[in-house]
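Student: Residue numbers (this note's numbering), protein chains in the order written: chain A, 1 to 323; chain B, 324 to 646.
Treat the hints as calculated values from the structure; they're not laboratory data. Hints are supplied without guarantee of correctness; some may be wrong.
[Claimed, not checked] Some chain A residues near chain B, calculated using beta-carbon distances under 8 Å: (1) T35; (2) E38; (3) S39; (4) N40; (5) T76; (6) L85; (7) L149; (8) L164; (9) V169; (10) C178; (11) V249; (12) A252; (13) T257; (14) S296.
[Stated by the list, open to error] Restraint-style ranges between C-beta atoms, simulated for each label pair: (15) K58/A to Q621/B: 46 to 52 Å; (16) N363/B to P23/A: 52 to 58 Å; (17) A528/B to T215/A: 46 to 52 Å; (18) G179/A to G502/B: 29 to 35 Å; (19) G474/B to P23/A: 27 to 33 Å; (20) E361/B to G268/A: 56 to 62 Å.
C-beta: ideal position from N, C-alpha, C; glycine also.
Number of protein chains: 2
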Amino acid sequence: MDGAHTVGLDLGGTKILSAVVSPENKILARAKQATGAESNAKAVTSRIIETVRKSLEKLNLDARDLQGIGVAVPGTLERESGRVLETPNLGLEGYPLGPVLEEAFSVPVILANDVSAGVYGEYVAGAAQGYQHVVGFFVGTGIGGGIVLNGRLFGGPQGNAAELGHTIVQYGGALCSCGQRGCLESVASRTAIAKEVVALAGSGAAPTILARAGTDYKLVKSGILRDSVRAGEDRVTQVIERAADYLGVGMANAVNTLTPQMIILGGGLVEKLGDFYIQAAERSMRAHSMRSLRESVQVAAAGLGDDAVVIGASALVRESGRG
Amino acid sequence: MDGAHTVGLDLGGTKILSAVVSPENKILARAKQATGAESNAKAVTSRIIETVRKSLEKLNLDARDLQGIGVAVPGTLERESGRVLETPNLGLEGYPLGPVLEEAFSVPVILANDVSAGVYGEYVAGAAQGYQHVVGFFVGTGIGGGIVLNGRLFGGPQGNAAELGHTIVQYGGALCSCGQRGCLESVASRTAIAKEVVALAGSGAAPTILARAGTDYKLVKSGILRDSVRAGEDRVTQVIERAADYLGVGMANAVNTLTPQMIILGGGLVEKLGDFYIQAAERSMRAHSMRSLRESVQVAAAGLGDDAVVIGASALVRESGRG
Chain A
1 MDGAHTVGLD LGGTKILSAV VSPENKILAR AKQATGAESN AKAVTSRIIE TVRKSLEKLN
61 LDARDLQGIG VAVPGTLERE SGRVLETPNL GLEGYPLGPV LEEAFSVPVI LANDVSAGVY
121 GEYVAGAAQG YQHVVGFFVG TGIGGGIVLN GRLFGGPQGN AAELGHTIVQ YGGALCSCGQ
181 RGCLESVASR TAIAKEVVAL AGSGAAPTIL ARAGTDYKLV KSGILRDSVR AGEDRVTQVI
241 ERAADYLGVG MANAVNTLTP QMIILGGGLV EKLGDFYIQA AERSMRAHSM RSLRESVQVA
301 AAGLGDDAVV IGASALVRES GRG
Chain B
324 MDGAHTVGLD LGGTKILSAV VSPENKILAR AKQATGAESN AKAVTSRIIE TVRKSLEKLN
384 LDARDLQGIG VAVPGTLERE SGRVLETPNL GLEGYPLGPV LEEAFSVPVI LANDVSAGVY
444 GEYVAGAAQG YQHVVGFFVG TGIGGGIVLN GRLFGGPQGN AAELGHTIVQ YGGALCSCGQ
504 RGCLESVASR TAIAKEVVAL AGSGAAPTIL ARAGTDYKLV KSGILRDSVR AGEDRVTQVI
564 ERAADYLGVG MANAVNTLTP QMIILGGGLV EKLGDFYIQA AERSMRAHSM RSLRESVQVA
624 AAGLGDDAVV IGASALVRES GRG
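Bound conformation, chain A alone (with noise of 0.2 Å):
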């Protein structure tokens, strides 16, 4: 071994896994583990551990052949201690995750965002290769981004850049899980469209809705909202192209920010509804974005699935002086 593999760790609220890469980005070996119950610092470094070691093994590798390991946190970071700031559900607040890593491991560990990881996974291997700007968005229950500028994927002074979910698009909307009105999040994810449907599924205008999720959003999946259209419930139709209009607006105001050549979509609900979504963001990013500017850029799904994150992850450690 000359140590040329790495670690991509995703770290989840609900599961975590790590995976082995190879310098051409090609996953070797998995591990796979529930996060736990338990939600304190120790217990969830002790199961990263444990996850990245089963993954090793299953290649009979030790983890200092490694290279390195990437992890992706749901959250903000702060990059050079390797401290973790806000993060969901994990007891990680303020704890000093990257340097614990590394003492257990004896390799280097960097840090990134778990979406902005995922954008880098599409650009070094997905449906963003070859294309030098790159902007991705991941739409589910939130909405996560991802920067690549040059080639590289860009994290701000503290890797902390692209949350593009909680830019406003809408000042003075709906009320976003973050307290503020009118992030996009809070009018174009799943969360917002699964608002709107159970309000539909209650008066009779969605019965796919009403007999799956009954009338309470967080039931909601992408699937169903799928399934309801295929039944052609044409006002669950609207509402998820009226997410999809507002999803174009973040994507036009990425455009005119950023000048990206290629914008990713990703995430559950662009798995599950497909070109008919896709389509409906893309024309209105190129409604709601300036001439000279949209005309350059294209519009693709991510085509990576879940891999992307722990591709982008472990391709990380080794691009060399991040920016």
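Mind docking chain B on chain A? Use the hints.
Tutor: For chain B alone, coordinates are given in the frame of chain A:
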């Protein structure tokens, strides 16, 4: 001469300003003339050439003594070909201004957006010195933006990034000069303020506005707004505070997207209204951005006035491998 000086040229709708600038970003000589009423590429080009020559003559320099010329254009461009794409009233659409000037002077010529050049000027020699990640908003008739990332002017693939005035902060809101609704410019520019205060003038609530601009919003200059505020015309002050609040939303979106360390506010409105306006915008930025991201950002007024654009344009000549 060792070719170390550069020329920065600010091509405006009403005047052309050429400055010879030292490697230490000091202006050594200037020349200025009216852009002229006839708006065609030939006439504008010959006036540019004349103005550059005049500034050089003041130092007994010849163009071939220069390292190059940086031209700041009010519009969009195609950096690699040196073509102007969109620009108001100058007849330069599609015109290869860069190559034509290279031919005339036999030195490298680069084009940049004027506001981007101004923000870069503030970075190399003004209020943003020492910060590697900077976003600037220049507020006047419209709102222009500029972005410095990792110590380099960020222009995207063609030099047209940072059209921050046309990012949408209130979807479906006020009509913008670009045809969209709810652009930052449509709710936060001097024009947006002017349209509201002339209504106050018409109803007797803003005597200073009425006396100096009547009810014609195009006549409401920044100095008149300042004097109205000083005269205690509270409803005018409220209109300005509301615009500053919106500007803060645009600043917050830049914070959430790019996590700059410094936000520079410049332009006529900022110069005339000063601290009360800047502080209102900063408060709004802090109220509308993510907690862990806003803590590390500072806000300052631009420090170089009109010189920022020529200093920035000239400094860009020295920056090789621009991104």
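Student: Each of the hints needs a verdict: does it hold here or not?
Tutor: Hints, one by one, checked against the model:
1. T35: 21 Å, violated
2. E38: This interface hint is violated because 24 Å lies over the 8 Å limit.
3. S39: 19 Å, violated
4. N40: Violated, about 20 Å.
5. T76: 5 Å, holds
6. L85: 5 Å, holds
7. L149: 7 Å, holds
8. L164: With a minimum Cβ separation of about 6 Å from chain B (threshold 8 Å), the hint on L164/A holds.
9. V169: Holds - the Cβ of V169/A comes within 8 Å of chain B, reaching about 5 Å at its closest.
10. C178: Hint holds; C178/A Cβ to chain B Cβ min 7 Å, cut 8 Å.
11. V249: Holds, because the Cβ-Cβ distance from V249/A to chain B comes to roughly 5 Å (cut-off 8 Å).
12. A252: 7 Å, holds
13. T257: This interface hint holds because 6 Å falls under the 8 Å limit.
14. S296: 7 Å, holds
15. K58/A to Q621/B: 46 to 52 Å: Since the Cβ atoms of K58/A and Q621/B sit about 49 Å apart, the hinted range of 46 to 52 Å holds.
16. N363/B to P23/A: 52 to 58 Å: 56 Å, holds
17. A528/B to T215/A: 46 to 52 Å: This hint holds: roughly 49 Å between Cβ atoms.
18. G179/A to G502/B: 29 to 35 Å: 33 Å, holds
19. G474/B to P23/A: 27 to 33 Å: 30 Å, holds
20. E361/B to G268/A: 56 to 62 Å: Roughly 58 Å apart at Cβ, these two residues keep to the hinted range, so it holds.
Consistency with the previously given hints fails for numbers 1, 2, 3 and 4, ordered from lowest to highest.
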